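Since the structure of chain A is provided, determine the placement of chain S on it from the hints.
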Amino acid sequence: MSGLVISELNISHGAIRAVNDLSFTVKPGELAAVIGSNGAGKTTLLRTLSGLKSAHSGSVEWNGQSILRKKPEDLVRSGIVHVSDGKSVIPELTVKENLALGGIWRKDKKDVALATAEAIELFPRLGERMQQSADTLSGGERQMLAIGRALIARPKLLLLDEPSLGLAPLVIDQIFQAIKALRDRHNLTVVLVEQNAMGALRIADIGIIINLGKLVASGPAHELIDNPSLRAAYLGY
Amino acid sequence: MERLFNTILIGVSGGSIYSLMALALVLVWRSTRVVNFAQAGQAILSTYIGYEVITHTDNYWLAFPIALVAGALTGALIDILMVRTLMKRAHSGPVAGIAPVIATLGLLGLIRAIVGMIWGGDLRQFKLPVSNHGFTFGHNTIPFAPINLLIVVTTVVVMLIFSVIFQRTNLGLSLRASAYQPEIARLAGIRVDLTRTIGWAFAGAAGAVAGMLVTPTNYLSPNSLDLLLVSGFVAAVIGGLESLVGAAVGGLILGISLALVLEYISSSLAFPVAFVVLIAVLLVKPSGLIGAKRTRHA
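Protein chains in written order, with this note's numbering: chain A, 1 to 237; chain S, 1001 to 1298.
Looking at chain A on its own, in the form it has when it is part of the complex (with noise of 0.2 Å):
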């Protein structure tokens, strides 16, 4: 089966069990926002997806592949691309540096200096930045480079950990739009976790809400927004 698949998965943080027998399925080119408040096991499924963390039980493939137990660095060749949170960037190099980081390993340089353009044409901001180091960038500035950097490696997966924490609203909208755009013109497959339920939600094609790490509901992003007990619940709006 194509697409993001997982199923009942389990992961454990020490004697913490942070995500509990979760299942749910992603399919090409669809926007799925996951939704939990703090602690929900949001990041570490997302940690998990990318390798960066092992799981204790359970499957997840990427178009028939199993994806657990592969080294970050491999899956990110294979188009599975995770920009965590915290604005994943480099401080200490240049924007440049910082998305240049994205292609290195690529061999085809022609498309490697093509994405770059296209993610500048998408965050012009980077452009007027190209030559200042990361570390002056703002919050917004930093997260719009880390989803640059994504780009640079042609992602077909991209998970995206909490791109609007402590952004201003303003700029929150922009880098959701930004979001969109990208899965519309790429048709990527796209898997965002939120804290921002309302934001994310109105994007998104697919919502998937979790709370200590177990599923609480899911299904088409629009009928979670109107479904009230949801709302109240966990959505907080």
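No wet-lab data here; the hints were simulated from the structure. These numbers come from a predicted model, not from an experiment. Be aware that one or more of the hints could be misleading.
To be verified - Listed below are the simulated DSBU-like cross-link pairs for lysine-lysine, each with C-alpha atoms no more than 30 Å apart in a straight line: (1) S:K1088 x A:K70; (2) A:K53 x S:K1088; (3) A:K71 x A:K110; (4) A:K156 x A:K110; (5) A:K53 x A:K180; (6) A:K71 x S:K1088; (7) A:K156 x A:K109; (8) A:K27 x A:K53; (9) A:K214 x A:K27.
Claimed, not checked - Over the 12 Å line for every Cβ pair with chain A, so calculated as not near, a few chain S residues: (10) Q1125; (11) L1150; (12) I1265.
Unchecked claim - If the Cβ cut is set under 10 Å, some of the chain A residues that face chain S in the computed set are: (13) S66; (14) I67; (15) S88; (16) G103; (17) A146; (18) R149.
Here a beta-carbon is modelled for each residue, glycine too, at the ideal position from N, C-alpha and C.
Using the frame of chain A, we list chain S on its own:
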């Protein structure tokens, strides 16, 4: 005035070697966050291999690259066989910080013992690759000799090569990214383990160069480079442990200070002075002279 100038020149020559050793330590520190005591062992092994080539071929210039490659291979092997495993087994808690360092200390003893078993403990000497008689200007002969010039020029070339690699190549970018933020580097698709091994190989090569440069004006024994390890550490810490420029500057500061003390005060003070300089720098600027900047450069 002339005496001062001559003393500084000799200090630059001695400091160059400290810079190279500091560079070797900085490269390992940056790539794996390990304080590498084994560096003196790696350098002595490479230098003995160079010595062996010299005794068979009578050619220093052939021995030099061979020692350099031997140093690089030794460094890479230590990382692959020992450091990588240690870091996987002891990945968190207090032991994670200390285990690799103690392991390198053990390795230093082991390498020295092996070198002692193969070559024995006798003091040996290299044939000088170039003269150690000072340059003569008119009737004036200064202490600075062709061998010192060789040391300084080689160090400058090595430093320039490393700067270009770090600042202008993809390998350098991978090395820097893996050093600063290994997890983000990994998520960007960089093979961080391999990159770290390359860092260890570079460090081993730099240590071998230091050994091959210092030994002609000295003697060779299984622990003849131990003092150089200490000087290298002092220079690296003065320079902030993080940067190539810091290693170069730290080595020069230490070399010139030592030369001045030797010339003007007493030759018996050399060893304590190294530590006085270290403590003074740490008291005034604990992050080292170069390390305090927010943005780190290679």
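Results of checking the hints against the structure:
no., hint, verdict
1, S:K1088 x A:K70, "holds, 16 Å"
2, A:K53 x S:K1088, "holds, 13 Å"
3, A:K71 x A:K110, "holds, 26 Å"
4, A:K156 x A:K110, "holds, 19 Å"
5, A:K53 x A:K180, "holds, 27 Å"
6, A:K71 x S:K1088, "holds, 14 Å"
7, A:K156 x A:K109, "holds, 18 Å"
8, A:K27 x A:K53, "holds, 23 Å"
9, A:K214 x A:K27, "holds, 21 Å"
10, Q1125, "holds, 44 Å"
11, L1150, "holds, 35 Å"
12, I1265, "holds, 41 Å"
13, S66, "violated, 20 Å"
14, I67, "violated, 14 Å"
15, S88, "holds, 5 Å"
16, G103, "holds, 8 Å"
17, A146, "holds, 9 Å"
18, R149, "holds, 6 Å"
The structure does not agree with the numbered hints 13, 14 stated previously, though it agrees with the rest.
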